[in-house]
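Q: What follows is each chain in one-letter form.
Protein chains: 2
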Amino acid sequence: MAENTDPAKRPHVVIVGAGFGGLFAARGLRRADVDITIIDRQNYHLFQPLLYQVATAGLAPSDIAWPIRGILSRQKNVTVLLDEVADVNVESNEVLLSDRRLSFDYLVLATGARHAYFGHQDWEPFAPGLKSIDDATEIRRRVLMTFERAEMTDDTAERERLLNFVIVGAGPTGVELAGAIAELARRTLAADFRRIDSRSARVILVEAGSKVLPALSAELSDYAETALQKLGVEVLLGNAVTQCDSNGVMVANKPIPAATVLWAAGVAASPAGSWLDAETDRAGRVKVTDDLSAANHSNIFVIGDTAAVKDAKGSAVPGIAPAAKQQGRYVASVIRARAEGKKQPAAFRYRHSGNLATIGRKSAVIELPFMRFSGLFAWWVWGLAHIYFLIGVRSPFTVASNWLWQYITYGRGARLITGDKTNSPS
Amino acid sequence: MAENTDPAKRPHVVIVGAGFGGLFAARGLRRADVDITIIDRQNYHLFQPLLYQVATAGLAPSDIAWPIRGILSRQKNVTVLLDEVADVNVESNEVLLSDRRLSFDYLVLATGARHAYFGHQDWEPFAPGLKSIDDATEIRRRVLMTFERAEMTDDTAERERLLNFVIVGAGPTGVELAGAIAELARRTLAADFRRIDSRSARVILVEAGSKVLPALSAELSDYAETALQKLGVEVLLGNAVTQCDSNGVMVANKPIPAATVLWAAGVAASPAGSWLDAETDRAGRVKVTDDLSAANHSNIFVIGDTAAVKDAKGSAVPGIAPAAKQQGRYVASVIRARAEGKKQPAAFRYRHSGNLATIGRKSAVIELPFMRFSGLFAWWVWGLAHIYFLIGVRSPFTVASNWLWQYITYGRGARLITGDKTNSPS
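Those sequence lines, one after another, are chains A and B. Mapping the first sequence onto my numbering, position 148 (from 1) lands on 148, and the numbers just tick up by one. Mapping the second sequence onto my numbering, position 242 (from 1) lands on 242, and the numbers just tick up by one.
Read the hints as simulated data drawn from the structure, not as lab findings. Warning: the hint list may mix true and false statements.
When chains are identical, the list treats them as one kind, so a pair holds in a single copy or across two.
Unchecked claim - For lysine to aspartate or glutamate, the following DMTMM-like pairs were computed, each having C-alpha atoms within a straight-line distance of at most 20 Å:
(1) 310 x 290
(2) 131 x 84
(3) 9 x 94
(4) 313 x 290
Okay, chain A solo, but in the shape it has when bound:
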């Protein structure tokens, strides 16, 4: 079935999604005797760990996103398609695109995740999440527009509502957004307005759990919480948001009026599970076998944020870039071995390389398997590590000089309000 029966035809590998998982799967097959088609809804690969910087006007979209075609242009066995997958036919081994079908010998589903509102999908217009470039420029537009509106209004209550920023969820994205918005208000914009004092803006981080950065040790979580508070962020732990609308949010039965609410509280996997009619976990992730293929479909692999994978200790592999990369590389090796009639590699094993998060521009927390550290030194390690990861995809000079310039001047050059200024709900 999966194996190629016509010897004249090279096996066709279809990869859906050009995030870290899909891209590393494609690269892992660069010397394999297969034809690859990689499909994505966007024409760019996104360096998601820095997306919050675009949302807070620190970096430009093109600093952290690169055309998929450009990344893969030299890999001649890859065809890139800008298209959307509607379904998968597991009987005929076909992927259904917007207006055609594509048959495959091997399929890799690396379709990522979207934000989840835990049954409150109607909150989305009031509390956008951060997954794509368009999400980020929309959040940037909203954040900057609220300061503009606050400068213009004569209504004190409305001004207060405009200068309240609520971030829901204290994982890395929520922490990084809160820190960056606090710095935007306290430093970057401090001299820009005449009628309001942007430093009076409140940045409120709401978390249902009992600590910030729950994946980290108690010590680093505490450090991060203190660092956030030093930046002026109010941290509300153990409180879920119970209502969200155009006025703001309800937390612990108290209303917090806020024109800007950002959602960083949860993710749900893409619909890959329903395409395969496969068993999923609560977050919609497909439960996979130990070679990352779907149950009963040994030629269909599911990786990255779309898959529920366990590590050697039985804990869930986290939804972070290094995990997706390892899985992409692994399925490439499995497919290559099968296509070449060789012995399949042993079961996938996740190697955890660490967790990290930044708090503003002076502090970060880094937890590696063998050590943990925090503070300014950690921030520089974080910065250098990210510049290192960016090398090869875009000009490292550009990103490095953007950051250095920002660091020296406290400026945020990318604070452009683009798109339609009128269609905001607030």
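With chain A's structure known, arrange chain B on it following the hints.
A: Relative to chain A, chain B alone:
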């Protein structure tokens, strides 16, 4: 009337538009004893001479646009308003904004120009022009999407239509767009597609007049035409577009099927003339007196692309950045002199500093009052001059390194398709 009658109150100067003219007027008043309000519909000042680079994916929007508040944050006598002017009441000396009025002692209208379709406004959806960041990202989206669609289609005629790019108007913007799109197709994208050869794209520059870059000498025009042809641009001179719709354009009674038509053929001034009920020229520019004030309204000045100004020889001052800057500086000196009760400076005199345009990344034409030159050396002069002009507004390192990186790699890192991919007419 214009002069301040209440000695306790500083004169209020309202500047509409934060382009080169408005910004230089504001800066020219930094030491004047006045209160300034500068109003713009956008929150950013745009370096328009490089806008074509954003439209062709060479630079990111934030490389050439900077928040107005950031530029003026240290000038304490300036308040920035993000708002739109609906009208001017010349009797009561008030500017009408979206939901309020603002009274002024002096008014500077520096509202620029939009593209003009010479009575064919219905062509706009099919042939967008290039004036704002949103225009540029929309053109970038369209240009990149046509290559994606060409890669997907099996219809030969449709593929040809998708790979035809028509640019209407051979002034600097048209020439620069044509050169940049030709290089995008011939070099940057050459290895990116598997089913189409992007190098087979046709780039057609249509001009109703008899030469490209009509403001330049015959020698430089001829040079530019040859340089365009070497890049693969087809130059059609002496031919106006007589029809434009979703299929393409009609030129000399022949249809040219084209999914992408870009309009660089003409500009019309903003509605400032109708606000003042003033006499305008054919392009809608307000005819001004020799201190750049409107006839019968000595406290209202009109500058930049909105004004019809003559130079010492009686020719029209061109609609270019240096002219707007000189006019902005001049009206600042007039207002300052009047506010301080000093003698008003002599009539405005335009000093022409030159014309220039680039053709792709290897060639430029520069015409200065005392010399003219062209070719690779001119390109470098152009590049260094622009980096010099950008210094002080954004990180010169960033722009310089972006360009250097592009120059070395032939890459165009900013080729992101953002925004709604479905709402294109083609």
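Q: The structure should be examined with respect to each hint, and the outcome stated for every one.
A: Now for the hints, and whether the structure bears them out:
no., hint, verdict
1, 310 x 290, "within (9 Å within a copy, 78 Å between copies)"
2, 131 x 84, "within (17 Å within a copy, 32 Å between copies)"
3, 9 x 94, "within (17 Å within a copy, 76 Å between copies)"
4, 313 x 290, "within (14 Å within a copy, 83 Å between copies)"
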